[in-house]
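Asks: Sequence:
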Amino acid sequence: MEAVEALTTGRRKAAERRKYEASFEHGMSWFRNVHQLALSSARIRLFSVDVPVTILLGR
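Counting from 27, one number per residue, gives the positions in the sequence shown under our numbering.
Honestly, I wouldn't trust all of these hints.
Quick list of simulated restraints, FRET-style, between CB atoms [unchecked claim]:
#1 S66 with A29: 50 to 58 Å
#2 H61 with V30: 43 to 51 Å
#3 H61 with A29: 44 to 52 Å
#4 L65 with L33: 41 to 49 Å
#5 W56 with A32: 31 to 39 Å
#6 S66 with E31: 50 to 58 Å
#7 E31 with N59: 28 to 36 Å
Everything labelled a hint here was simulated from the structure, so no lab data went into it. Here a beta-carbon is modelled for each residue, glycine too, at the ideal position from N, C-alpha and C.
Using the sequences and the accompanying hints, generate a full structural model.
Replies: This is the structure we're talking about:
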């Protein structure tokens, strides 16, 4: 009986771990996407400020 109980407990723990890992991966991919979006928008913003300033200062 203990062996069966240990097996089901092991399976339950493995399933919980997989669920946790999947949600962690989902969170990390969401974070990476948001981070990429922020970086690209910051680059665009930097470029759009940088170019007019360069033209105005004549450098």
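Asks: If a hint holds in the structure, say so; if it doesn't, say that too.
Replies: Evaluated hints:
1. S66 with A29: 50 to 58 Å: Since the Cβ atoms of S66 and A29 sit about 55 Å apart, the hinted range of 50 to 58 Å holds.
2. H61 with V30: 43 to 51 Å: holds, 46 Å
3. H61 with A29: 44 to 52 Å: At 47 Å between Cβs, range holds.
4. L65 with L33: 41 to 49 Å: holds, 47 Å
5. W56 with A32: 31 to 39 Å: Once the Cβ atoms are compared, 36 Å apart, the range 31 to 39 Å for A32 and W56 holds.
6. S66 with E31: 50 to 58 Å: The hinted range 50 to 58 Å holds for S66 and E31, with Cβ atoms some 52 Å apart.
7. E31 with N59: 28 to 36 Å: violated, 42 Å
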